[in-house]
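Assemble the whole structure, with the sequences as input and the hints as a guide.
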Amino acid sequence: EPPETPKDFSCQTQDMKRVTCTWTKAETYFYGLNSPQYTLSKTSSQKMALCKASCPEKCSCSWDIGQQRIWNVTVTVENPLGKKTATDVFDVKHRVYPTAPLQVWEESTDTEITLHWNYEKIGIELFWQTEVLQPDGKVDLHNSSDVQSRHKRVTVRGLQPYTEYTARVRGGAAKHFWRWSEWSQPLPIRTKEGTPSGKLDIWRVITPVLGGQNVTLFWKKTPSFQANGKIISYEVTWEKLEDSSKRERFSFSSVYNSTRIFFDNHSYRISIVAKNNVNFSLPSVLIISGAPDNSRKILFCSFLGTEELKEGQVNGTDDGILISWEPRNTYDSYIIDWCNFPRLQPCDLQWKRFGPNTSSAVISSAAFVPGVRYKFRIYGSVANKASLLEKKIGYLKELPPRLDPTVRKADLTYNSVMLSWDFCLTDESETGFIRGYHVYVSPIQGNCNLKGSKKHILSGLCKYTIDNPEEKRYTVEHLMPNTKYKIVVKAFTGGGETPIVNFIYIDTPYNSNMLYFVFLLVIVPTLVAAVCHWKMKWVKECCCPVIPSPNKSKVLSFKEYKIDSEKVLKVNDCIPDVLAMDSNTEAQKL
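Each residue of the sequence shown is one higher than the one before, starting from 1 at the first, in the UniProt record's numbering.
No wet-lab data here; the hints were simulated from the structure. Since the structure is predicted, the reported quantities are computational estimates derived from the model, not experimental observations. A portion of the hints provided could be inaccurate.
As the list claims (entries may be wrong) - With a Cα cut of at most 27 Å, we get these calculated DSS-like pairs of lysine-lysine:
1) K199 - K275
2) K84 - K52
3) K121 - K152
4) K385 - K220
5) K385 - K409
6) K199 - K175
7) K175 - K192
8) K138 - K192
9) K17 - K93
10) K152 - K275
Stated by the list, open to error - DEER-style ranges, computed between Cβ atoms:
11) M536 - T475: 15 to 25 Å
12) V501 - I206: 13 to 23 Å
13) L527 - V501: 48 to 58 Å
14) K138 - P346: 38 to 48 Å
15) S429 - Q160: 17 to 27 Å
16) E125 - I70: 19 to 29 Å
We put the beta carbon where it would ideally sit given N, CA and C, even for glycine.
Put into structure tokens, the structure is as follows:
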């Protein structure tokens, strides 16, 4: 193909002594002796080449400019199918592309960095740009003008103490800016240490003991606290409120974040500071109230086995555990503390502070897992003194109970069974709040359709629900006599219940009333029939005689036909079929 006009043709200088022109070559598919030939020359005299072009990938050609400042140059590309040219007219002072700074070093304080560098002077004023890369990835650019010296410097202020930064420098012509030089090599810089800013967040756990109280102190860095160096120790100081002249102090290595101190029954003021190689942080203060009646209180609580505040139940959400409390106007802040691992010792105590206008919060932690009971204590704080306000217990997510109730008694009748069971409602290892119980009943053979029950969908068992977890007794009625049943009692939580297994079996007795009825209906008539059969002749004579006794005849019931006490049959109108005489003697009497 014939050559194309050279693209991106431009010329520039780095030292005001030598000019380099560059352009992009195009593919013509000629090779060897027929390859494109590039010639750079003055436009006014194209027969005299200024330099020999080199074209590995991008073409370039350099020559010494001497004292000439205005140039009009032409690049010509030629192959057997034709030639093309491109022209550039420029003032050398307008095409300055400085070299990168030769050497960069720094001086620093806790909040400032001063960068120094050397560069090659080329006889024109340069403009410098410093880039400072902060730890969060943010880039700050600082511009500075030139001074007539081989040594250049710039100061960057407003930095954080004991913080890692990265800096680099580049330059360009102050007048008739053409382009920036390359960046200098990145220079990592750490500012010096400074006085810690802010305060530590401190908290305590008080355990009453004989003669005083054990106070476990905790401390941690807050987002607003800046160590501004390497923390080498923490210092804990305490003094009596009544006598501040007697002050005690302990220093702890930076690897510690808690300590336990015994205090007597006086009130104390406790302060904790962090220390680096420069200075101390501002003190964080706690006031511990005295407890002169601790000994009596310990014995009293030990005897009763109860706590002063009732624990309220709280619920888990998708984001954590929702805690709410009744706000009080007397406090300037609230604190909630809890253990990340309540079943371990130490339990990894955590705490969080809230403002005076807050009455609820979602407590979240990566350590929270379903089925574990977490305890929360809510304190109100004023003038560095905290008071316990409320206690809460809750789960991130409730799970079914670990164990089933233990059925300890089953009182049977022919049509009912009264069940009673044991179940510990105060077990802190329980996986959910016990909401109540389910009683499942079914005959061994056949389906269950007891009156007053609901049918369990999956198992087909009859189901009874007791919604009061304190109620541990229930009577199942409308059973069939002389029938075998299977029964199980299940506790349920907000997470449901465990699978229905481990039945107990009962046999209802016969119905005694039914036996009595059967006795009256069957046995008595049978006995009567037997007696009648045994005394057949006597019964026949009494009930169905061949010749009825007149005195027993209902026919002879007329009062006027009586002689003394004997009934008399008047035979005036009676025509008998047969006349029989029992005996002559009786006949004579008649």
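Hint check:
Simply put, K199 and K275 have alpha-carbon atoms about 11 Å apart, close enough for the 27 Å limit, and the pair holds. With a CA separation close to 17 Å, the supplied pair K84 and K52 stays within the 27 Å bound. A C-alpha spacing of about 11 Å is found between K121 and K152, which places the hinted pair at or below 27 Å, so the restraint holds. Note on K385 and K220: the hinted pairing holds, with a Cα-Cα distance of about 18 Å set against a maximum of 27 Å.
Between K385 and K409 the alpha-carbon distance is near 53 Å, which puts this suggested pair outside the 27 Å criterion. For the hint linking K199 to K175, the alpha-carbon distance of about 51 Å lies beyond 27 Å, and the restraint is violated. With a CA separation close to 37 Å, the supplied pair K175 and K192 exceeds the 27 Å bound. Pair hint K138 plus K192 holds up; C-alpha atoms about 20 Å apart against a cutoff of 27 Å.
At roughly 11 Å between alpha-carbon atoms, K17 and K93 fall within 27 Å of each other, so this suggested pair holds. Restraint check for K152 and K275: the C-alpha separation of about 38 Å exceeds 27 Å, so the hint is violated. M536 and T475 have their C-beta atoms about 54 Å apart, which leaves the hinted 15 to 25 Å range violated. In this structure, V501 and I206 break the distance hint of 13 to 23 Å, their C-beta atoms being roughly 46 Å apart.
Distance hint for L527 and V501: a CB-CB separation of about 52 Å, consistent with the stated range 48 to 58 Å. Taking 38 to 48 Å as the suggested C-beta distance range, the pair K138 and P346 conforms, at roughly 39 Å. Taken as a hint, the range 17 to 27 Å is violated for the pair S429 and Q160, whose Cβ atoms sit roughly 47 Å apart. The given range of 19 to 29 Å is respected by E125 and I70, whose C-beta atoms sit roughly 20 Å from each other.
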